[in-house]
Every structure is written in structure tokens, then in C-alpha cells.
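Visitor: In case you want the letters, here they are:
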Amino acid sequence: MSVDRRAFLGAAGLCALAVTGTRSLEALAGTGRPETAPQGRRVPRWGMVVDLRRCLQADGCTDCIAACERAHNVPRLPSRAHEVKWIWREPYERAFAQRGSGYADEALRGKLVPVLCNHCDNPPCVRVCPVKATWKREDGIVMMDWHRCIGCRYCMAACPYGARSFNWLDPRPRVKEVNPDFPTRTRGVVEKCNFCEERLAQGRGPACVEACRERALAFGDLRDPGSQVREQLRSRHAMRRKPELGTEPSVYYRA
Amino acid sequence: MRDRGLLVGGLALFVAVVTFPVWYNVAAGTTARGPEPVRPAAAGRCVAPTEYMRASHMSLLMAWRDDVVRGQERNFVGPDGKTYAKSLTRTCLGCHTNKAEFCDRCHASAAVTLTCWECHIDPASLRRAGR
Chain A
1 MSVDRRAFLG
11 AAGLCALAVT
21 GTRSLEALAG
31 TGRPETAPQG
41 RRVPRWGMVV
51 DLRRCLQADG
61 CTDCIAACER
71 AHNVPRLPSR
81 AHEVKWIWRE
91 PYERAFAQRG
101 SGYADEALRG
111 KLVPVLCNHC
121 DNPPCVRVCP
131 VKATWKREDG
141 IVMMDWHRCI
151 GCRYCMAACP
161 YGARSFNWLD
171 PRPRVKEVNP
181 DFPTRTRGVV
191 EKCNFCEERL
201 AQGRGPACVE
211 ACRERALAFG
221 DLRDPGSQVR
231 EQLRSRHAMR
241 RKPELGTEPS
251 VYYRA
Chain B
1001 MRDRGLLVGG
1011 LALFVAVVTF
1021 PVWYNVAAGT
1031 TARGPEPVRP
1041 AAAGRCVAPT
1051 EYMRASHMSL
1061 LMAWRDDVVR
1071 GQERNFVGPD
1081 GKTYAKSLTR
1091 TCLGCHTNKA
1101 EFCDRCHASA
1111 AVTLTCWECH
1121 IDPASLRRAG
1131 R
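One line per chain: the protein sequences are A and B, in this order.
Residue numbering for the first sequence follows the working numbering, starting at 1 and increasing by one per position.
Residue numbering for the second sequence follows the working numbering, starting at 1001 and increasing by one per position.
What the hints contain is simulated information worked out from the structure, not anything from laboratory work.
None of the hints are false.
Derived EDC-like pairs: lysine to aspartate or glutamate, alpha-carbon spacing no greater than 20 Å straight-line:
#1 A:K132 - B:E1073
#2 A:K242 - A:E93
#3 A:K136 - B:E1073
Counterexamples of contact, computed for chain A against chain B with all Cβ distances above 12 Å:
#4 A16
#5 L222
#6 S235
#7 K242
The model shown is predicted, which means the values in this text are computed figures rather than measured ones.
Idealized CB from N, CA, C, for every residue including glycine.
Isolated chain A, as found in the complex (with noise of 0.2 Å):
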């Protein structure tokens, strides 16, 4: 049998393309990436909810703020050159930058919202850090390694919401109330909100939620339809801090 060079040209052809063809498709159409784990085990994607209505009502309240911090060991700063923040307080405009609401948000001008790291889906600190001491867990936390962390802060420089801090100062003499079962951090490391990792592990919901008397804060799973945080979006119009930034926050705001 004899073949010719353009019968073989064409052969060859189309074995590259049956070899690489079904991954270059797959990454294409951005399939291939399970939802659930290979286990067959649901993962959820953890979720938060801030009903400002509620949270505005207690003028002043600060409750979820002492809580992540107790839980924490998160020293309380004085300077802002120095501060180290998990949750903290912003005023509306500047945590909800985007214009031309005209009046439409004229009830929160003015007003102090809580804030916190959104736990992105497209997370832009993650992309950015040389050494993955932070990276996107699969229910969806952006976890940080302290162990690993540099300190270069290419990650807070990423972070569109100013949700990292870093430790110039040795934390631990500067935390009130040391607790032991949480380490404290070091000098030269970045840390942020880690959606209460440890105590989702023993089944518990994070300090910030259980803390507040209002409760203003709710959390869980945004892949469950009938979770309560699902049910509250349902409700009521929400909204999400710099949504045209494409980082996906999985904190949501109810107006």
C-alpha cells in the first residue's frame, strides 16, 4: 500500500488533533472541573450575608468585631500604619464605590458597614502569591498558610477591598485576651478573615455570626438552594462590594 504526502500530512493531522483535541476543548469551555469531590461527597461553598438593615439598626455595635478578634488573637492597633483588621468597619462609600445610584442608596450614605475579606471565587491575592502561602479552597475559603507566608504583600497589593493586613509589629504583646487554642502571628506576614476555618471544622459557625445580637450576619452554603443565606437573597435585593471587578465575593449585602 502506498501513501502519498498528502494522505499522510492529513493522518497526521487528524491523530494530533484526536490527542489533544479533548483537553484543548475541555479548557475552552472551562469544563472538566468538578463541582463535587471525587469521593462523591458534596462540597459546599460557604457564604455570608450581611442584612445592613438589621446590622444599622444597632448604631455603633461592635460586637462582631470583638468576637473575631477573641477568637483570633488579633492584635488591636492603634495607628493605621500598623493595623491589623478581620472585620472591620468602612463607611458605605467607600466599601460600596460603584456610582450612579443617584438616591437610591441615600439611606446608607454616611453610614459604617461591616467588612470583611469576601473569600472570592476569582480570587486576585491568590493569583498573585509567589510561594501559594494563600490559595482557594474547594468550599470555596481563601485559606492562608502562615507557615509559608514571606511577607512580600504582592497579595494585598491584588486585593481590590484592602482585606489583608500585614504585621509590622510583633502581635503578641499587643493581643488583649491571648487564646491558646489559636496561634497568634508573627512579625513579617500577612493575615486576613479566614471565614472561621477551625471552628467549621468542629461543626460550628464562625465567631462574628454567633456574636451578633442583631443578627445581621448570616452563613452558609450558597450551593444549597434552600440554605438560609439562599432564602435571604431571595427575599430582598442584595449586593456585592465592586461586583464589576469580576472577583465573584461570596459576601453578600442585603440593602
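Here the structure of chain A is known, so what remains is to put chain B in place on it, guided by the hints.
Guide: Positioned in the frame of chain A, the structure of chain B alone reads:
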């Protein structure tokens, strides 16, 4: 061999100088003493056999660290079949309550500087400091 005295005297002086640290330690009573870490008074069993822990506790702790932080795997099943929490503060220091006389003695003797305690907390020293 007219300078025999000089040779023998020189050799004796050399040996004396070279072995001086040994005699010095004999005189000071510090010779060949180990760090003598104090084991916990309550005679419980460790998560792994003593020989293994003595040689490889650092590898075990590093593996625990990565399992908990990066792998979300928080339980350790020991060779005895018992399950332990992979926790330095709770599991290790739960028995070895005296970090100064257990961990620090060996590490000081071997001149090993640890970074664990820059972040992780020894509850006993916290209580002593009254915090």
C-alpha cells in the same frame, strides 16, 4: 638523641593543650551529661513509640502542620489505633505540660532554634504570665 627531653616535653604539652577541654569539663562536672528532658509525670502513652518520637518528632509535626492547614485532615490515628487531634497546643502540650523542661532542654543542648513558639502558644507559660 640529645634533645629527647625537649621532644617528650613538647609532646606532653601538646597532648595537655589538645585534651584541655576534656579535663576542664571533668573538673566542672559537666562531662557527657545529656540534656535530661523531664517526661510527663502522668505515665500516659505518646501518639507514637518513644524511639520514633525521639528521632522523628519534627517530621511528624511538619506532616501534621501540612495536613491540618493545607489538607483539612485534623485527626491522627496512632500505631496503637487511638485517634488524636493533630494539635501542638492541645495534644502535645496536653501531656508535656512543661515545655521548658521537655522541649527547651533538648533544643538548647542541641543548639536548635525553633520558630514554632513565635506563633503557637504554650498555655502553661501563658498562665504564668497571667494573661
